[in-house]
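> The chain contents come next:
Number of protein chains: 2
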Amino acid sequence: MVNGTNDRPRLTRKGERVRARIVEEAAALIHERGVAGTTLDDVKAAAQVSGSQLYHYFPDKNELLQAVIGYQADTVVTNQRQALLGSAMGLEAWRDMVVTGVTRAQAGGCPLGSLVGQLAESDPEARALIAAGLERWATAISEGLRLLHSDGKLAPGIDPDDLATTVLATLQGALLLAQVQRSTRPFETAIDTLLALAIKT
Amino acid sequence: MVNGTNDRPRLTRKGERVRARIVEEAAALIHERGVAGTTLDDVKAAAQVSGSQLYHYFPDKNELLQAVIGYQADTVVTNQRQALLGSAMGLEAWRDMVVTGVTRAQAGGCPLGSLVGQLAESDPEARALIAAGLERWATAISEGLRLLHSDGKLAPGIDPDDLATTVLATLQGALLLAQVQRSTRPFETAIDTLLALAIKT
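The listed protein sequences derive, respectively, from chains A and B. Reminder that position 4 of the first sequence reads as 4 in the UniProt record's numbering, one-by-one numbering, no gaps. Reminder that position 37 of the second sequence reads as 37 in the UniProt record's numbering, one-by-one numbering, no gaps.
Just so you know, not all the hints are guaranteed correct.
If several chains are the same, the list does not tell them apart, and a pair holds so long as it fits within one copy or across any two.
Using 20 Å as the maximum straight-line C-alpha spacing, the simulated SDA-like pairs for lysine to any residue come out as follows [to be verified]:
(1) 200 <-> 162
(2) 200 <-> 158
(3) 14 <-> 135
(4) 44 <-> 128
(5) 200 <-> 154
(6) 200 <-> 155
(7) 44 <-> 157
It should be emphasised that the hints constitute simulated quantities derived from the structure, not laboratory data.
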């Protein structure tokens, strides 16, 4: 134990930057080509690091994969928080953000949700990390919905936490429909219909 | 051209049964192990046919895969129609059917939707067939919702076709959440919340 919290060596600021670059490039490759289609050699080339550098930060592909899942979860949760779903303007901004995001999703699907089909049945650790990331996403959505709820803007009798689960489910399924139909139309229809039902204008 | 509609030989009734058994066994294997994890040898063994019999019906894996996509689409559409979503009793029955179905989905996800992540980016023909299957499913949901609509049971201002897309998206996403969380709870929450918002009791 070096730093008292885990058994990884403490990183210098430069080390942190290199590690972050590796994770970011690996995440982009995995989103584009899938887990099975991405090799450590691809990641080395994209992040412009040597094999020994890559090994220094990630002794095996599983550790890198786990860092990628954490990175994608952080990204969606940060985006969710920045959208300020709780304000009326925030709701519009959030809707526009997810609809813009779906253009990326038409090739590759949701960066986090698309990992479920690839990993849930074969990699229990990855499954648990993806589940935790999606839970954090639902919590971030719920924070915004609670604000709308306390402003009296949710449909009567609806629990903000239940609605957050529903919004996340609809987002994931709508991304899947958009990916397979190569069109943003089903995505926009599903999100707009759910928001029209759940939120008073 | 043998039978005037396509270039496949017309099958005897026994031939139809053998072909159907091959497709059914292949569908079960693919749902359990994924497309990449299922070989033609696995299918031969499960359907108890010889290599030449399998080749007679399906000259390559792609043709078999396309028949499996059609089979899974037929299955979900038939189940959807039988649930009689349009009646009040039908709504309860439909909700119970999908919640029961999700127990299967906890390992493997939706038999049709789970193929999106595996095939949409690599196999354009399969992608188009899955998209067509999901469209047929949305149409079947819409038929039920139109009946509810004409009985005045939908939330005001909601188009039944738009709601059908939303229901299908929520189903797909809720199946994904159930699969990754190994729990039916997020699935039940999402479906029940959407139905509570969309349909008058």
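> Confirm or reject each hint.
To see whether the hints hold, each was checked on the structure:
Taking the closest pair of Cα atoms, residue 200 and residue 162 come within 20 Å of each other both inside a single copy (17 Å) and across two copies (18 Å). Proximity of residue 200 and residue 158 under a CA criterion of 20 Å is satisfied in both settings, with 12 Å inside one chain copy and 14 Å between copies. Taking the shortest Cα distances, residue 14 and residue 135 never come within 20 Å of each other, neither inside one copy (32 Å) nor across copies (51 Å). In the homo-oligomer, the alpha carbons of residue 44 and residue 128 never lie at most 20 Å apart, since the shortest distance is 27 Å inside one protomer and 35 Å across protomers.
Taking the shortest Cα distances, residue 200 and residue 154 sit within 20 Å of each other both inside one copy (6 Å) and across copies (17 Å). Taking the shortest Cα distances, residue 200 and residue 155 sit within 20 Å of each other both inside one copy (6 Å) and across copies (13 Å). Proximity of residue 44 and residue 157 under a CA criterion of 20 Å is satisfied in neither setting, with 52 Å inside one chain copy and 54 Å between copies.
In this structure, the hints that do not hold are numbers 3, 4, 7, in rising order.
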